[in-house]
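Engineer: Residue numbers (the numbering used here), protein chains in the order written: chain A, 1 to 257; chain B, 1 to 194.
The set of hints was computed from the structure by calculation and includes no laboratory data.
Warning: the hint list may mix true and false statements.
Said to hold, decoys possible - Facing chain A, from chain B, some residues (calculated, C-beta under 7 Å):
1. Leu52
2. Ala133
3. Gly139
4. Arg165
5. Lys169
We put the beta carbon where it would ideally sit given N, CA and C, even for glycine.
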Amino acid sequence: MVGYQRQLGGREVGWARVSRESQAPGTTSRLYLPTGWRAQLLPPELSGLLDAVDDAAREAAWKTFLETHSRLLLHTARTVSRDYDATMDAYAYLLEQLRRDDFRRLRGYIPDGRTKFTTWLVVVARRLCLDHLRRRYGRLQDAGSGSRAAQAVRRELVDFLAEELDASGRKDPRAAGNPETDLRTSELSRALTDAIGALDPRDQLLLKLRFEDGLSAREIGQLMGFPTPFHVYRRLNTLLERLRGALGRRGFQDPEP
Amino acid sequence: MGAEQPPQGHLESGEVAAYLDGALPRSGRSRIEAHVAVCEECRRELIEVGRLLRTRPHRHRWYLPVGVAAAAAAVVLLAVWPRPAGRPAEPGYREPAVTSTVAPVVVAPRGVTAAVPRLVWTAVPHADRYRLAVFDDTGRVVWETETGDTSVPRPDSIPLQQGARYFWKVEARTGWQRWVGSELVGFSLGPPRP
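Here chain B stands alone, though its shape is the one from the complex (with noise of 0.2 Å):
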């Protein structure tokens, strides 16, 4: 991969996005990639325009039955009813929702290992509960377990293949039914060290 030039130019708009959206044919999909692969600024093109699409605002249409629509209504108009003067304001006993979180971050096993004694992540703030799950190369799940550490041993009684390709995750739990999730991190046996 040197500084190769990229052929007849850079992508049209229209090539940029068609190549995105995922409806062209097999030999214009070749074609694009071939020159993304030696152009890099249809590449970085690619990928921020990917990025953009996926994190774009989207308008919310709510459909809810009429009686619904009402009963929501009903609720709206107590909550902000005005309450008679002198009567304190109720205490909150509940932290406010956790809106946004960072993922945990997979950090051992990655890459080729010689052991696997321990998988390993980082924490995550509020946190109380982590679920891993190691995959094998087909995706079948080979091991999962759930612990409130950030470290679990791996049992003897889930053997891995030395060579074999291995895949794991861990996802945090921060809030009721609210898991964030690291990325999928391969890794595989090597030989014993001496």
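Isolated chain A (complex conformation) (with noise of 0.2 Å):
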């Protein structure tokens, strides 16, 4: 979380957390603001309950924050969640995680004008989701995890890239299992892998979310900023004109004789 550095009024009446990131080591920072800033900076239904004073108000807040997120948190558990049983499980879990211990979780929220309480809402909601799941079913296996979606990246890559070369011959049947195609594919699967590592962190994270999470153009627009899915092409356009270009440097643009 990032904190912040501001003072306003020169009173202290609460701290934000920041990341180690932000500040010096040893150092610590603190946020001043003015007596009520929860109820000015957090949605009214988390400051309600956050600042209740005894029980009463306090499950009447807790009323009003389920009637405004419920349907929010219980599509969070749905989409993580097996079935419907699976689902009232983990929507019955999420809410007792979220009260828990004076509603700890809730009050890690830090309304610094850049996040929507919701957003955040369904991050930690998931999270706890997932934690549910997982001591529910143990950890998931993920079919893609580590090198395995790392070799389908560069497989994807590498014949995406093939059929334009033409490098190893693979549409040709008689070149299956042939030492020399094996090798060529090998050393352009390599070749490609160092290609990709000179590119630029965001660049890389294009080519991951097209070539191995088969995202579409449209979502990686939504997800990355781009304005329109045809910026999201160009890119993915000049990226490859890149990669060809190296890998042509690398001796990989002539067809196979």
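Need the complex rebuilt from these two chains, each delivered in its own frame; the hints are there to steer you.
Structural biologist: What follows is the structure, encoded as structure tokens:
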């Protein structure tokens, strides 16, 4: 979480945790805000809950909070659960965890003006639901994890570029199992890994979202902030040209004899 | 892209939310993108939460002038007013409305292709018409047409430059002013095969 370094009125009434990357070692930062800052910065259903003075007020505020956000929380639980029973279990667990220790998790929301409370709530809720799922069913085995995913990415990109370079002869059935072809493919894959590693992290992310995660251009655009899918395609085109150039400089540009 | 280790652990909830809300400065976005480019778990979280937010249920509030509300209430009352006994129910002439359908899928051309004689896509149930558009790399429409079939020949009057990148999509009409569209797919003309 990013904290504040500003001072308003010089009166200390609260403080926010600061991420380690944003402060010098050994220092602390405090957020100085005037009295009643919660009511001004937090959504009303949240400030009412966190500032409740007795049990009756707290229960009434919790009811209001659920009226406002239960559909979103249920939607989140539904998307990470396997069936109706698992959804309701996860939802119940989620509510229990949000209430726990005087709403400790909800108090973790920092109203810094950057992030919507609902977005933050979905992230927290999803993590809690996944925790619940793991406790009940064990850690999910993701088929695309680790090196297998990396191999899949390289394979798909190699296929995509090789189709244009005609470098591997893989469309020729006689080439299947040919040691020379296998060696060339392996060299191409290695060269591609090096070329991708030299790209900007944002471009590497774009390639991963497209070729590893299989996202559409529209979805990539929405996630990474491109104005339109056209911009995604254009950037992908540029990157692929760059990769072709890098592979060409390593000798991968002539068709197989 | 090997099995890299993500630097300094995973993203915090606030960072994921701030990235998805597009509220980070450039330096913050770059830092997070550098992390998720190598951390599959955090990248998966960004994707899934992004999808959750786009499909979230919304509460609709309807605001109507008093007169319109009164007229709507009158219509509802007339619709549910009990009919005299013995009067037979009206036969149904209309099919039920199509409320969900699959989108058409672009079949060809896709990727690099030696020629584009036709544009082909999959059929959509209940669709009676398809309209397609082909764009160049700048987003300019180079050709658009409508047809009742699931393929259409490319006319010679629409030239495509070799090596240039094009995009196209097709929409299927499933009802009155109701269209469902395919994804935007790119293609380019490669060198002719010997």
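Engineer: Compare the structure with each hint and give your call.
Structural biologist: Now the hints, each set against the structure:
1. Proximity of Leu52 (chain B) to chain A holds as hinted, the smallest CB-CB distance being about 5 Å (cut-off 7 Å).
2. A least Cβ separation of about 13 Å between Ala133 (chain B) and chain A goes past the 7 Å threshold, and the interface hint is therefore violated.
3. Using the Cβ-Cβ criterion of 7 Å, the hint placing Gly139 (chain B) at the interface with chain A is satisfied: the shortest such distance is roughly 5 Å.
4. Satisfaction of the interface hint for Arg165 (chain B) is found here, the shortest Cβ-Cβ separation to chain A being roughly 6 Å, below the 7 Å cut-off.
5. Checking Lys169 (chain B) against chain A by beta carbon gives a least distance of about 10 Å; that is not within 7 Å, so the hint is violated.
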